[in-house]
Amino acid sequence: MSTFSLKTSEFSVIRDENKCIKCLACVRQCGFDCHQYDEENDSLYTIDANCVNCQRCVYICPADALKIYENPKPMRSNNYWSANDLKNIYKQAETGGVLLTGMGNDKAFPGYFDRLVLNASQVTNPSIDPLREPMEIRTYLGRRTEPIALQKQKEKDKTQTPIVPIETPIMFAGISYGAISHQAFEALARAAKEFGTMFNTGEGGLPKDLYQYGDNAIVQVASGRFGVHSDYLNVGRIIEIKIGQGAKPGIGGHLPGEKITEEISTTRMIPEGTDALSPAPHHDIYSIEDLRQLIFTLKEATRYEKPISVKISAVHNVAAIASGIARAGADIIAVDGFRGGTGAAPLMIRDHVGIPIELAIAAIDQRLRDEGIRNSVTLVAAGGFRCSADVVKAIALGADAVYIGTAALIALGCHLCQKCYTGKCSWGIATQDPYKTRRLNPELGAERLYNLLRGWSHEIKEMLGGMGINSIESLKGNRLHLRGVGLNEVELNLLGVKHAGEAI
Amino acid sequence: MKKVYARPAYCMNCHLCEVNCIVAHSKSRNLLKAFKKEKLRGTARVFVEERKPISIAVQCRHCNDPRCVAGCISGAMVKDTETGIVYCQEEKCVGCWTCVVSCPYGVIRPIEIDGRKLPLKCDLCKEYEEPACVVGCPNKALVFEERGAEV
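Going down the list, the protein sequences come from chains W and G.
Just add 191 to the spot in the first sequence (first one is 1) and you have our numbering.
Just add 195 to the spot in the second sequence (first one is 1) and you have our numbering.
It is possible that part of the hints are untrue.
[Said to hold, decoys possible] Within a straight-line C-alpha distance of at most 27 Å, the following computed BS3-like cross-link-like pairs (lysine-lysine) qualify:
1. 312(G) to 222(G)
2. 234(G) to 213(W)
3. 312(G) to 213(W)
4. 399(W) to 384(W)
5. 335(G) to 399(W)
No lab work stands behind these hints: they were computed from the structure.
The structure presented is a predicted model; accordingly, all values stated were derived computationally and were not measured.
Bound conformation, chain G alone (with noise of 0.2 Å):
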């Protein structure tokens, strides 16, 4: 499946993958109105790790056999078998966060929105084209694109 590569050669530390990501999972889809009205701000679902001088953005792996999943104890936390997506099912969720435990690579948030506490995590943008990080990537840090399989 094509999935989202960071290349750390490239990556110059902006966030703006964060910010890029956060108004594409946004309700207006507007900048200013993301952050300024429904204060999204800090609910991006890409993490930007970073030691200086190197810095790295990291989403979700979409692992072929996901801990997240495995973990779910109330099986929301699922694998589309067709696209590969690792995604919540949010009606399902009991908010119990084993899935931002159990993740290897630390990328699901744990968040509350409207006192229900819910995983935060990457779907590869399904509604667009091509995940909002890759696409407004400054420097092509990030690619998405087809790697075969991984372990």
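Isolated chain W (complex conformation) (with noise of 0.2 Å):
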């Protein structure tokens, strides 16, 4: 480096000398160019400036001789100017561009499904052991007949779309081929389909020869229609209309052309090595008529087969938002809070713009069920959750289904280096790089995908069981069974939610 630079190393890379046995595989892991191997001096070293804190070589050197520790912030403790927004001035100071990010937001922004705890079964009504008794969790997705009636048959309603089950409330978020890696991809299809739940494709097309998971596919329609086309639409079991995505609401996408190798590009229909660009808006709507007109669009164009999904991102006025894609013709509609996670996104709007998807979920599920068009739609929710407890709450609070994004990709070897935009990734996973893509075996990252939902599936089960109730469809916005930890007045309103401590 010969340019004075005011940036600093975030990380040391500490090799302990006396387990290092020099096998170099450490230099060969790494993404970021960190290790370094002379050979004239048969010695390693290692450009502190490069380390992400991956972990990718401490977790593949045998010898367990490598470490890596925060380097102290070399600036004077501040408690208004954190050692962060220097670090950023100095950067763009340097470079006078947009500050580039991946995965969600990490800011210390209070947790709500931290603050709610759930109800169990003591004495007057007996809790259930899932192991000896059977548990539902099984769940259904799109848009819910009418109500059987003692009346003269009506006509069958022709534009009733079929309901998808899937056998856990948890599918895998979009994330498209392109942001992650075929091998990524792939994995994710599978384990889908092994669980019997969905894998979301993402804005960028779904790869012929995954055409075999179609059946556990949801084909993403995106303001840029990339890779759409009648197969693609066809293939998959539920289609979605990406509006928005909770890491970057209001803006479009980038895929930056270096990652448009000769498969992506088939798969997307554009150039080799061109940008992919997503517009931020879709420039045919403008209005929830607009949507209207592509939901029935879509819908016309796979013959009704097909249930319509609408995901938009928590926003302020989500409720309303989601009362309008409902009365559009949306079968479900799948919101994507704050929290959630992306293979690039501005710094400033991942971590500023949006709102915490707990209160997305109450907000919307209250507005449908008093406008009574709840059971037209189902209520996807996603954005952060990390483990199976968040999963049950936000179903306690209304939502019918959730998915996980960047819980999935963790199961895969991440560990939130918020690096997916460089196309470095050293695990294998946000990259096209050939010499990368290869650390991730499908069959293994299957394998902890489909592991992880087992994992959950029993944890909601064994919740489920605690608050004394048997199926997934009795706990679906039974707010009574949750209770507000230190949550103030509005909080518990609009959560509508009673503190803890409170009887029925």
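Mind assembling these two chains? They're in different frames, but the hints should get you there.
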């Protein structure tokens, strides 16, 4: 480095020379050229400035000789100007660019999941042991038919789309092929098929060789319309119109040309090496009426055989927007909260735009119920589900099912280094470099994802049993099973829950 | 016979198969001792060939008609009639390394142990249930299986 820079190394890689056997696995596996080997001296050294703390070397080292430490902040402590603020300003002063980042919002906003607690049965209502008694967590996606009534049989509604069952209320969120490697994408598809749930193609189309997983695919139609054609729409089980993404509400996407390899260019139907730009809005949707047109265009194109989902990010007026979407003819509404992940987003947008998913779920569920249209849509929540308890709480707040994206990638090895936008991912997930993508064996990846779904599903059953209910349907929107801890009046009202200690 | 097969689509060039091979064939069977005390670095019997982005681990194919056995001048290199494993009877070996040059896969390593020339090659870890390279591969890029007769 010859030019003077105010940027400092965030991390130090410490090598225990007593343990290092010089096998050079770290050098070969580091995606960011931090580990170096000097052949002349037969010695290893590190360039700390390159380290992003993705932990790949730490895990791959057979001798357990590597540790990564966060460097002490080089600035004087200040309660207002954080070290990150300074670092970002230095970076921008040098580059003049927009700050980019990956994955979800990591700011210390108070989390509502962490301040909600669940109920359990004691004495007066028996709890259920899911290992001994049946426990139903199968979930149905799509528009419910009108209740059966003893009336003259009406003509069958030809615009009714089918209901899609999933074996657990957990699905994989939209992560496009292009943002992640084919291997990671395939792992998601395989796991979804094996478990009987859905994966979401994201906006990058579905590669031909993965059409075999079509029955478990939610195929996305986003503002860039990448990879959207008749076969694609018909091979999926559900079609999702992506309006917004929790990590970057209101803005589009940009997959750099370097990532558009031959296969991705074929899948996305754009020339090789050109940037894939997703506009911020759909250029044919400027109102609910426009959205209705697209929904029915897609339904017509698939002969009313596919439920249509509309995915929006959780923003201030989300309840009213959701109501509009339900009335526009969507069968599923997917809402992505501000903790939702991304392959690349401007830092300011990711960290400062959007609202928490907990509040969005409660607001939408309440609004749709008040309007008497809750039954006409399935509500899918997304954005920062870290564990099965988050899922249960979301369902109790009113969601039908959830998407997990970040958690799924973590199961594949992601360590949240937030450098997805560089395309250098050492774990072979968010990269198209053929040297790195082969690190993720889809067989092993699918197994890990399956295990995650299995574990969470078991835990959900346990929690349901504890509450004395034997079906996930009985939990949906059942906010009496929730209590807030340390929430103020406004928050309790918005969430529609009582404070811990209050009885029914 | 069961052999080790590489799956290049999943080989990530970490060379941990080499490390595991070395440890499995060390006296101590301990990673740090094998490398630090026994100084076994560079004695792996599996070789990761790399031409980025592709890499692949190769080791003795235990051929049906092994050239190393045919070329051995002292009769030290033999193919076990029961297990099919090709191995060197070190007490008979004269260290001419004809086997090294005759191996079409280049997977016999010429080394000197205590001043004595010997060939080092894969023995399919016959003392273990499964070869160490296969067990230790973090990405299942190596498999140990029966694939029928080979040319």
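Right, here's what the structure says about each hint:
Proposed proximity of residue 312(G) and residue 222(G) is supported: the alpha carbons are some 19 Å apart, at most 27 Å. Straight-line distance between C-alpha atoms of residue 234(G) and residue 213(W) comes to about 12 Å, which keeps the hinted pair within the 27 Å bound. For the suggested pair residue 312(G) and residue 213(W), the alpha carbons sit about 25 Å apart, so the restraint of at most 27 Å is met. At most 27 Å may separate the alpha-carbon atoms for a hinted pair to count; residue 399(W) and residue 384(W) meet this at roughly 16 Å.
Between the alpha carbons of residue 335(G) and residue 399(W) the distance comes to roughly 25 Å, so the proposed pair stays at or under 27 Å and holds.
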